[in-house]
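> Chain by chain, the residues run as shown.
Number of protein chains: 2
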Amino acid sequence: MTSDETLRPKARAPRGFQDRRAATLIAERAILDAVSAVYESYGFERLETGAFEYADALGKFLPDADRPNEGVFALQDDDEQWMALRYDLTAPLARFAAENWDSLAKPFRRYAFGSVWRNEKPGPGRYREFLQCDADTVGSERPEADAEIIAMAVQGYAAAGLPAGACTLKINNRKLLNGLLAAAGVEDTGQKLAVLRAVDKLDRLGVDGVTALLGAGRKDESGAFTKGAGLGTAAAGSVLAYLGAGGGGRQATLDRLAGVIGGSAEGDEGLSELGKIGEALTRLGVTDEQAVFEPSVVRGLEYYTGAVFEAEIAFAGGEGEKLGSMGGGGRYDDLVARFTGQRTPATGFSFGVSRLAAALAAGGAAAAKVARGPVVVLALDNGQMGEYFAMAAELRAAGIAAEVYLGTSGMRPQMKYADRRNAPAAVIVGGDEIAAGTVTIKDLDLGRALAADVSDNRAWREDRPGQVTAPRADLVSAVRKIVEAAG
Amino acid sequence: MTSDETLRPKARAPRGFQDRRAATLIAERAILDAVSAVYESYGFERLETGAFEYADALGKFLPDADRPNEGVFALQDDDEQWMALRYDLTAPLARFAAENWDSLAKPFRRYAFGSVWRNEKPGPGRYREFLQCDADTVGSERPEADAEIIAMAVQGYAAAGLPAGACTLKINNRKLLNGLLAAAGVEDTGQKLAVLRAVDKLDRLGVDGVTALLGAGRKDESGAFTKGAGLGTAAAGSVLAYLGAGGGGRQATLDRLAGVIGGSAEGDEGLSELGKIGEALTRLGVTDEQAVFEPSVVRGLEYYTGAVFEAEIAFAGGEGEKLGSMGGGGRYDDLVARFTGQRTPATGFSFGVSRLAAALAAGGAAAAKVARGPVVVLALDNGQMGEYFAMAAELRAAGIAAEVYLGTSGMRPQMKYADRRNAPAAVIVGGDEIAAGTVTIKDLDLGRALAADVSDNRAWREDRPGQVTAPRADLVSAVRKIVEAAG
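Heads up: the protein sequence lines correspond to chains A and B, in order. Per the numbering used here, residue 839 is the first one in the first sequence, and the count goes up by one each step. Per the numbering used here, residue 839 is the first one in the second sequence, and the count goes up by one each step.
Hints in this document: simulated from the structure, not taken from any laboratory.
Just so you know, same-sequence chains aren't split out, so a pair can sit in one copy or run between any two.
Below, simulated PhoX-like cross-link-like pairs (lysine-lysine); rule was C-alpha separation at most 25 angstroms, straight line:
hint	residue 1	residue 2
1	Lys944	Lys1254
2	Lys848	Lys944
3	Lys1114	Lys944
4	Lys1065	Lys1039
5	Lys848	Lys959
6	Lys1319	Lys1254
7	Lys1039	Lys1057
No experiment lies behind these values; they were computed from the predicted model shown.
Modelling step: build the complete structure from the supplied sequences, incorporating the hints.
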């Protein structure tokens, strides 16, 4: 190793950060465009805040000198204040709303697309920077504001290309279980949290597992014991009845829930809110298949105060592949109050863009678009570079993406380049063509198809299928014919 | 102050970071869409790298424990490696190209839109986070690659909406002045840099000022003395002749330059490159007005090695307002070599998106679009919320953005809200309308116009101009009539 080599940095991206290329970006942009159009049709205004927030404004986190990077990417500004890259789009919205409250038209409704950063251990498919899309309404306590957000999510996913039936919005209200527990005399915060944790495991452990966790506790297959919430038989029975109240359409669920929850003030409030959400959803055209009330939905974040919702994706393929939760949200009435001291009702929904793109790809819907390369004009004669550029310009003026090969390699590497760019066609103008006043155009898609199908590809090479020679004046029309056939 | 208040964080964005709202984002998105379409028509592939790079990969900067934030936002990862937010889009491209060199189709041509971060003192209009757009070709030494980039810039600005003639690409080649100085026997690096600095001041100080700075030095009006480059009379004369060679179309400038530069190997190389750039530009349809050769263009960055170019914006208004440089670029053959040790020719162009948006607004071209609000359905009767939601859904299904007012205020604040949202119309359905099976639609643009024009606005209020009442079944057509009139 020479001393020069030792000075060279190694070219590598930081751990957990992605380089995204054309195919990914095309899929993301299609999602952005489709969802933006839906959200704007509801009157939501786009907002982008800066990448940094002051750490105290982010809330969940106050850095100290020893561990400034706990969960977020934080650094100290030159005035000694700690700043951190946003870890979601909700905290910056709360800051923005509080900062501009007096001048905003209220309720304030905004949507945002943007990167968020999490300083966590990266892994396969687990990045430290990823794109989120959020829509929130700040300053409305009406349950109809929740319904609107849910309807937008339903319509946004459909506009992005999720097939009908692939996505279900599952809606619940924190007040139901709170009311039930209050009626059962459960007041202890630790006990309530243990109940929530047990409920949250219904999908994974089933009714028996949850029953055990609501009571004394549960021993898993490895023999490890998890202490339970310690509910009495009657209270545990109520919780299980509550968990079983879903299914059969929103109104049927509501009717069943009323039988279980009825009696506590908070439970009745939750029921009334769900009723209003249900009516607004129906009037917005959201069907019982698109959005259901599901009592087992918990949502982890502590800041939710009322309605909660999450989007579950499942494709009715051979085995009904379940992709799980793809986005979620709910009502968080206390986030803006951190700044202003005044309770400010808010509700919102958030989803990860890559996750939706993956679901779209899995559903075989849109987004399977391969990044199509431009037509490549080969550079075979240095004296003709001007002519090659003029040909590319003519093609572009006719709406056909085109480029001149800009390296200095021979014909074979140039054809390989065109193939790797996924070009639909190559324009070949060498000595023969120049002398004859013609252009040769090679159909690369046809060549690819033949190469894939024919075991002895010498045959099609000799026949030169998919290759036409046309007068120079007919360049555009001859290329267009091949490009349009390629699609 | 209660103890509760002292715990509350102040809602404020970090210094130098912007919250961008709808009007700004609409203008930026229009630029992004227009420029992307042009760049993709040239076969450039979109790429987005992560926000962070390892500090050693950023190059200009190696942090030490004492001053980790010099110029960039840097922090130490949990494996002790320093990372920094990218301060431009070129360094991440160089890292990406070096990291993926073997698997890329070469020459590799990509464009990128993205935020960059500079840890500098913020000021009015000077942010620490801003959007850049870059296009670069890596792996081509052909001067035609520079021409292509220049043509894309010309066409990109036009597609974004800059009026014809507002933008001139000024092109130069570092090799010309280098060759001239070599021929004049100037070898000292310090002396060469002093000449570059003097040349760079032509715009500000004029020929006399530059002449002084090429020689012994210059005393400014305050009496302060700047030491000159110390060139002899003959050499200084050559530099001045070189600086005066511009104007009259690209070929005329080239001819004049040949007379001044001729003789040195490096100068001849520069001339030959400019000649090829000029021919390709012509064949690409770039006129002598859109792109000129201008010997005084220097471009500050040290990494440029050949052709350099910058975009200058001037509007032929009353006094021919000059907005100055709006973007620039050039050939940088050594950036990728930092990683690989192999010289990798590259060229690119970069512009700031906000600056272009400001130029577009100043030019009165596009982008003057005000963010148009949705139609607002007033919430006048709590018992009718479902009906209001159904009306909004009908409007949206007909392609008209609409929302239901989601607060709990009375009619007057609701009308004020609709006005502040810049809504074209408000849908008013109270007790009278419900009883009659009608809807009332208020034309808010007309109301705004009248309020602006009529000193006694009591009159139009009583006449109720711009307000129609229609059968409920005609909601969509009645609203559409008003929305389309509003434009």
